[in-house]
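**Student:** Please put together the full structure from these sequences, using the hints given.
Read top to bottom, the protein sequences are chains A and B. With the numbering used here, letter number 130 in the first sequence gets 130, and the count goes up by one each step, no holes. With the numbering used here, letter number 26 in the second sequence gets 26, and the count goes up by one each step, no holes.
Bear in mind the hints are in silico, worked out from the structure with no lab data behind them. Just so you know, not all the hints are guaranteed correct.
Note that identical chains are pooled: a pair holds if it fits in a single copy or bridges any two copies.
To be verified - The calculated BS3-like cross-link candidates involving lysine-lysine, where the alpha carbons are at most 27 Å apart (straight line), are:
id: 1; residue 1: Lys139; residue 2: Lys6
id: 2; residue 1: Lys296; residue 2: Lys356
id: 3; residue 1: Lys356; residue 2: Lys139
Number of protein chains: 2
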Amino acid sequence: MADWLKLIPADQARSMLLDVPQVGVETVTLREAVGRVLVAPLFAPHDLPPARLSAMDGYAVRSDDIARASGPDGEVLAVIGAVPAGSVFTGQVGGGQAVSIATGAVVPDGADAVVMVEFTTPVDGAGAYVGPGARVRVKKVFPAGANIVQPGEDLRAGDAILPAGRRLRPGDLAALASFGIVDVTVFRRPRIAVLATGSEICPPHQTPLPGQVRDSNQYVLAAQVEAAGAIAILGGIVADDSDLLRATVLRLVDENDGLVLSGGSSVGPKDLTAGVLGALPSPGVMFHGIDIRPGKPTVFARAGNRPVVGMPGYPTSSMVVFEAFVRPMLERLGGENVTDTWPTMLRARLSRAYGKPTSREDFLRVRLSVRADRDGEVWADVLPGGSAAISNVILADGLARVPAGIDHLDEGAPVGVRLFL
Amino acid sequence: MADWLKLIPADQARSMLLDVPQVGVETVTLREAVGRVLVAPLFAPHDLPPARLSAMDGYAVRSDDIARASGPDGEVLAVIGAVPAGSVFTGQVGGGQAVSIATGAVVPDGADAVVMVEFTTPVDGAGAYVGPGARVRVKKVFPAGANIVQPGEDLRAGDAILPAGRRLRPGDLAALASFGIVDVTVFRRPRIAVLATGSEICPPHQTPLPGQVRDSNQYVLAAQVEAAGAIAILGGIVADDSDLLRATVLRLVDENDGLVLSGGSSVGPKDLTAGVLGALPSPGVMFHGIDIRPGKPTVFARAGNRPVVGMPGYPTSSMVVFEAFVRPMLERLGGENVTDTWPTMLRARLSRAYGKPTSREDFLRVRLSVRADRDGEVWADVLPGGSAAISNVILADGLARVPAGIDHLDEGAPVGVRLFL
Chain A
1 MADWLKLIPA DQARSMLLDV PQVGVETVTL REAVGRVLVA PLFAPHDLPP
51 ARLSAMDGYA VRSDDIARAS GPDGEVLAVI GAVPAGSVFT GQVGGGQAVS
101 IATGAVVPDG ADAVVMVEFT TPVDGAGAYV GPGARVRVKK VFPAGANIVQ
151 PGEDLRAGDA ILPAGRRLRP GDLAALASFG IVDVTVFRRP RIAVLATGSE
201 ICPPHQTPLP GQVRDSNQYV LAAQVEAAGA IAILGGIVAD DSDLLRATVL
251 RLVDENDGLV LSGGSSVGPK DLTAGVLGAL PSPGVMFHGI DIRPGKPTVF
301 ARAGNRPVVG MPGYPTSSMV VFEAFVRPML ERLGGENVTD TWPTMLRARL
351 SRAYGKPTSR EDFLRVRLSV RADRDGEVWA DVLPGGSAAI SNVILADGLA
401 RVPAGIDHLD EGAPVGVRLF L
Chain B
1 MADWLKLIPA DQARSMLLDV PQVGVETVTL REAVGRVLVA PLFAPHDLPP
51 ARLSAMDGYA VRSDDIARAS GPDGEVLAVI GAVPAGSVFT GQVGGGQAVS
101 IATGAVVPDG ADAVVMVEFT TPVDGAGAYV GPGARVRVKK VFPAGANIVQ
151 PGEDLRAGDA ILPAGRRLRP GDLAALASFG IVDVTVFRRP RIAVLATGSE
201 ICPPHQTPLP GQVRDSNQYV LAAQVEAAGA IAILGGIVAD DSDLLRATVL
251 RLVDENDGLV LSGGSSVGPK DLTAGVLGAL PSPGVMFHGI DIRPGKPTVF
301 ARAGNRPVVG MPGYPTSSMV VFEAFVRPML ERLGGENVTD TWPTMLRARL
351 SRAYGKPTSR EDFLRVRLSV RADRDGEVWA DVLPGGSAAI SNVILADGLA
401 RVPAGIDHLD EGAPVGVRLF L
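**Tutor:** Laid out in structure tokens, this is it:
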């Protein structure tokens with residue numbers, strides 16, 4: 001058997017991949033912060049909202065004054081002021097008084113409830129709104145606290161809002177903006193070179209000669225690298241020439257934060273990658289071969305802090321190894337707090353039984369469908385097509401992982417699926 | 001009751017939103033194509049693979065010659081050539097002959113099977129590989145077709161590979177690259193202006209005066225617009241000034257493909273948006289108010305082909321309306337073939353019963369967890385916090401939609417969840 005058949009278990013491969021250091025940090029504007037990874041946790045510097053706010057358009061009142069407002073005549077109050085959006089009413093709401101108030105405005109002192117405008121009528125004239133100096137009739141009882149958002153009701157001063165290592169989602173920007181954090185300290189995006197190897201590979205704009213095949217993995221990998229939050233640098237195509245490959249790998253590792261090589265990770269006579277990676281600075285090759293399918297012939301090395309991955313050349317194998325192993329490694333390199341390398345809450349039932357060796361972890365290309373005849377459950381059809389095929393990657397909705405330790409799944413067994421996005 | 005309480009059903013709102021025309025097209029490079037939307041379907045211009053390829057490193061042989069290779073001496077063949085990656089063997093494999101072949105190389109004429117190198121030994125000397133002029137011993141039977149990928153086995157000439165309106169995923173680039181499509185015709189990214197309105201709104205870098213609140217929605221919306229494949233243009237903050245708001249809206253609509261306004265979509269005295277949108281060119285306001293929670297006070301208008309959405313100002317409401325209504329509209333504007341406005345295969349069980357009015361569609365902020373005590377099922381906890389809160393958006397994993405027509409869900413009822421990404 002060849003050397004790389006000393007396969008390491010998938011979990012061990014993941015541990016080694018996630019044990020990469022993080023890149024450095026930089027400061028970006030709020031506008032640029034989405035998708036970036038927070039360096040430090042965000043604690044609320046003050047309560048949010050900072051004061052009592054009205055949740056409705058209406059009138060700030062004393063709840064005691066309107067305790068009998070459900071009677072036939074309601075309760076008539078004197079409007080002594082108005083709090084439009086963006087301003088405050090500096091006076092005090094006394095007995096029998098009201099202040100008209102906009103949604104989001106600060107509730108004046110003395111008032112302890114807001115009556116929605118829908119439950120009022122002007123006493124002297126028409127129109128929904130009553131200005132200062134006029135009177136308003138309240139027609140419904142509202143208890144103390146009604147339609148008032150209390151200080152700190154949303155977030156309290158000192159609350160941990162966003163953890164370190166969080167990749168910022170659009171909604172997270174609301175917290176940063178609300179607390180005035182317009183310069184955000186985030187991890188740099190790792191710069192990852194992508195390199196295609198193999199004398200049979202020609203650029204996609206060329207018509208392949210007999211025996212040649214167009215490079216597709218470099219483009220797919222670059223898109224995947226960027227989807228993982230890194231910057232992809234196209235390294236080009238290198239033929240099966242050991243010296244040229246070694247020089248190119250050393251240069252790309254030197255110029256970037258990491259390198260992903262496509263092809264050449266197997267052990268044929270022209271598969272030079274493992275040999276070349278053996279020439280990398282310490283610690284060098286960490287493993288060669290993972291007990292998974294597809295994607296077994298994967299090489300992982302480190303040149304100092306910089307990860308170098310030799311990916312299998314087959315499109316499906318490359319896709320699987322990237323999604324399941326390289327993506328979490330790059331996220332980690334980019335500072336993300338990766339605790340789960342296969343984060344999925346999506347469960348589907350396998351549409352037919354599946355068997356495999358116990359030790360191996362398998363990744364099935366699946367197409368999902370909602371089965372009306374099964375109470376709307378989601379079922380997964382495993383797509384045919386070997387690891388050399390691109391059709392199954394295009395047709396699949398995602399990948400189902402069948403962990404090591406399992407040798408058989410019945411029809412209907414639940415599997416966790418990660419969607420291709 | 002106020003004017004906007006003529007609520008339209010959510011499904012009707014979606015139909016109107018999806019009835020937007022598409023923006024124009026442009027050509028981008030393969031490197032830029034991921035995330036962009038294909039204008040025309042891609043049909044395979046030729047078979048893939050175009051010829052018979054070896055699936056393994058080994059020897060191309062005639063299967064008849066090795067039909068008894070499982071015997072103690074195996075079967076000895078004369079190696080008459082080699083097909084390294086990227087080249088072809090132009091001769092013919094005759095009786096008793098073999099050609100050494102690399103994975104992915106074209107299988108020579110005359111051969112009908114490939115023997116994996118693991119099941120061979122050199123007859124004359126050591127080492128795994130045997131060069132031309134030497135002999136190889138085959139130790140296992142392989143039938144006709146073994147380890148050969150047939151022409152068209154992956155994709156056949158004329159096959160529909162990718163449909164029009166497909167938003168290209170990383171894996172899709174493999175098809176484009178393999179067929180030499182390096183210039184890709186895609187829809188332009190729509191340019192969408194985002195505008196914050198309200199006299200109470202101050203920029204996030206300022207310390208709010210009493211009664212003021214920092215603008216957060218403009219940043220969240222810009223990030224969401226870009227996650228929907230469009231280009232976001234920050235339009236700034238406009239105070240509650242009808243003339244200024246009208247002029248700004250008309251300018252932004254003129255300069256861009258669409259506009260999303262935050263705040264001012266309710267019916268308070270300072271809520272000017274609906275009035276200003278009434279001044280837009282035909283067809284103007286399409287609806288004002290959707291029967292959903294949160295997000296009811298949403299206005300949708302069209303200025304000719306250009307969509308204008310007045311979003312509710314509360315952060316949670318804005319998030320929900322964007323995800324459920326504006327996102328699919330923008331995807332459609334950008335050419336995507338949107339057939340499902342709430343595409344989710346993720347099902348979770350509600351951790352407590354939920355009731356609501358029958359007609360209304362609700363969106364719950366949920367946090368998901370895998371329950372080991374329930375066979376690994378995924379359960380959804382509904383987060384507290386009103387539509388003014390940002391805490392629930394940050395803590396939630398996503399949104400569960402409870403459709404109209406349902407007034408009660410039991411504890412444990414399945415809901416479809418879309419994750420915040």
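**Student:** All hints, please: hold or fail.
**Tutor:** These are the hints, each one checked on the structure:
Within a single copy, lysine 139 and lysine 6 get their C-alpha atoms only as close as 81 Å, which misses the 27 Å cut-off; across copies the closest is 23 Å, which meets it. For the homomeric pair lysine 296 and lysine 356, the shortest alpha-carbon distance inside one copy (14 Å) is at most 27 Å, but the shortest distance between copies (52 Å) is not. For the identical chains of this complex, lysine 356 and lysine 139 are inter-copy neighbours only, at 25 Å across copies versus 71 Å inside a copy, given an alpha-carbon limit of 27 Å.
Of the numbered hints given earlier, the model fails none.
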